[in-house]
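Engineer: Please construct the entire structure, taking both the sequences and the accompanying hints into account.
These are the residues of each chain, in order.
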Amino acid sequence: MNPSHWSLDEDPPRDEALARLLRSADGSAGTRPMDWDRLHDRIAAAAGLPAARPDAGEWWDVVARWRRVAVAASVAAILAAAAMLWQTERSDAEVSLTDAAPETAALARVVVAYPDEAVFSSMVQDGRTDALAAWESR
Amino acid sequence: MPGSIGPEARHDSAPAEAPDPHEAAAIARVQRGEAEAFDLLVRRYMRTGYAVAFRVLGHREDAEDVVQEAFLAALANIGSFDTGRRFGPWFHRIVVTRGLNFRKSRGRRATEALDDAGVASGDPGPAAAAEQDALRTSVAQALGRLPERQRMVVQLFELDGFSGAEIAGMLGISPGTVRWYLHEARQALRGTLAHLQETAR
Numbered sequence: 004m005n006p007s008h009w010s011l012d013e014d015p016p017r018d019e020a021l022a023r024l025l026r027s028a029d030g031s032a033g034t035r036p037m038d039w040d041r042l043h044d045r046i047a048a049a050a051g052l053p054a055a056r057p058d059a060g061e062w063w064d065v066v067a068r069w070r071r072v073a074v075a076a077s078v079a080a081i082l083a084a085a086a087m088l089w090q091t092e093r094s095d096a097e098v099s100l101t102d103a104a105p106e107t108a109a110l111a112r113v114v115v116a117y118p119d120e121a122v123f124s125s126m127v128q129d130g131r132t133d134a135l136a137a138w139e140s141r
Numbered sequence: 030m031p032g033s034i035g036p037e038a039r040h041d042s043a044p045a046e047a048p049d050p051h052e053a054a055a056i057a058r059v060q061r062g063e064a065e066a067f068d069l070l071v072r073r074y075m076r077t078g079y080a081v082a083f084r085v086l087g088h089r090e091d092a093e094d095v096v097q098e099a100f101l102a103a104l105a106n107i108g109s110f111d112t113g114r115r116f117g118p119w120f121h122r123i124v125v126t127r128g129l130n131f132r133k134s135r136g137r138r139a140t141e142a143l144d145d146a147g148v149a150s151g152d153p154g155p156a157a158a159a160e161q162d163a164l165r166t167s168v169a170q171a172l173g174r175l176p177e178r179q180r181m182v183v184q185l186f187e188l189d190g191f192s193g194a195e196i197a198g199m200l201g202i203s204p205g206t207v208r209w210y211l212h213e214a215r216q217a218l219r220g221t222l223a224h225l226q227e228t229a230r
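Chains A and B, in that order, are what the protein sequence lines are. Residues are numbered in my numbering as their position in the first sequence, beginning at 1, plus a constant of 3. Residues are numbered in my numbering as their position in the second sequence, beginning at 1, plus a constant of 29.
In case anyone wonders, no lab produced these hints; they're calculated from the structure. All figures in this text were calculated on a predicted structure; none of them were measured in a lab. Beta carbons are placed, not taken as given, at the ideal position from N, Cα and C, and that holds for glycine. There's no promise every hint is true.
What the simulated footprint calls covered on chain A by chain B, stretch by stretch (three residues with Cβ under 8 Å from a Cβ of chain B suffice, anywhere in the stretch; the number is not a length) [to be verified]:
id, stretch
1, 17-25
2, 36-50
In silico negatives: residues of chain A with every beta carbon more than 10 Å from chain B [stated by the list, open to error]:
id, residue
3, V74
4, A86
5, E106
6, V113
7, P118
Structural biologist: Listed below in structure tokens is the structure:
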């Protein structure tokens with residue numbers, strides 16, 4: 004259909020030659036770069052929308068956006084947990100009587116001087132008899 | 030996301046016929062009080078809204094002000110919007126109304142397209158630049174001689190890619206009247222610019 008043709012009932016085809024001419028005078032709207040992000044943020048702020056948020060999309064889009072951060076955080080957490088576990092096991096292995104509380108260590112030094120059965124009797128008796136003193140008096 | 034307006038921007042971002050289900054769902058959410066769902070509409074229609082505002086105002090910063098105002102007005106009135114309709118025509122009508130009011134309040138006509146035309150043209154050299162300037166001046170003057178509605182119709186149709194029916198919705202006139210304005214504007218421009226058509230090719 005000729006662009007010169009017109010009808011009340013249907014749109015004529017676009018006139019490319021005329022459009023080229025019009026575009027040449029269409030400086031700022033047609034060809035100057037437009038920062039759409041800035042315009043969006045401005046409108047969003049005026050409307051009280053969450054600031055400069057990218058298109059929220061579905062939950063899996065949000066997950067996908069945070070994927071790299073989540074992987075890095077997971078690796079860091081695993082390494083930290085492994086280091087703590089290793090440190091704890093090493094500390095347990097180094098525990099000895101001398102690392103215990105001072106009163107426990109002092110008691111241990113006394114107890115080792117007696118045979119096991121005397122120590123056991125001393126522990127299970129009701130305190131009216133001193134089993135260790137009885138052993139010494141033998 | 031820098032870019033420019035034009036037919037491609039219009040066709041990329043605005044659905045042409047039936048209401049898009051995502052768009053209808055977003056509008057329903059906004060109507061229920063979830064204002065953040067309005068963001069989808071802002072992203073989808075800010076380019077076409079800006080294009081329409083620029084056609085009305087011919088001034089870049091004014092067009093930004095008006096498109097922002099139009100979104101706020103749409104948000105304020107969205108409770109009465111029928112989700113069975115398309116948002117675009119309703120919103121563009123708001124843009125045109127606000128734009129005309131804005132222009133009336135400022136008391137000026139569209140002029141920036143001519144003033145700014147040189148900014149976008151790069152550095153073509155003195156002779157070519159002079160020729161380009163002459164071309165722009167002729168086209169801008171020819172456009173300036175058209176009645177306001179004919180100028181808007183021919184620009185919205187030829188440059189921004191809107192259909193006659195869409196333009197009719199924006200301007201509050203019948204599609205047949207839009208086609209008549211378009212025909213008249215084309216005739217006038219072709220007559221005035223016939224000597225330039227070869228240059229533009």
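Engineer: Now look at each hint and say whether the structure bears it out.
Structural biologist: Quick rundown of the hints versus the structure:
Here the stretch 17-25 of chain A counts 8 residues with a CB under 8 Å from a CB of chain B, which clears the bar of 3, and the coverage holds. With 12 residues bearing a CB less than 8 Å from a CB of chain B, the stretch 36-50 of chain A meets the requirement of three and the coverage assertion stands. The beta carbon of V74 of chain A is kept farther than 10 Å from every beta carbon of chain B, the shortest such distance being approximately 27 Å. Here A86 of chain A stays apart from chain B, with its beta-carbon at least about 41 Å from theirs, past the 10 Å limit.
For E106 of chain A, the requirement that its beta carbon stay farther than 10 Å from each beta carbon of chain B is met, with the minimum near 64 Å. No Cβ of chain B approaches the Cβ of V113 of chain A within 10 Å, the least distance being about 73 Å, so the stated non-interface status holds. The beta carbon of P118 of chain A sits about 79 Å from the closest Cβ of chain B, which is more than 10 Å, so the claim that it is off the interface holds.
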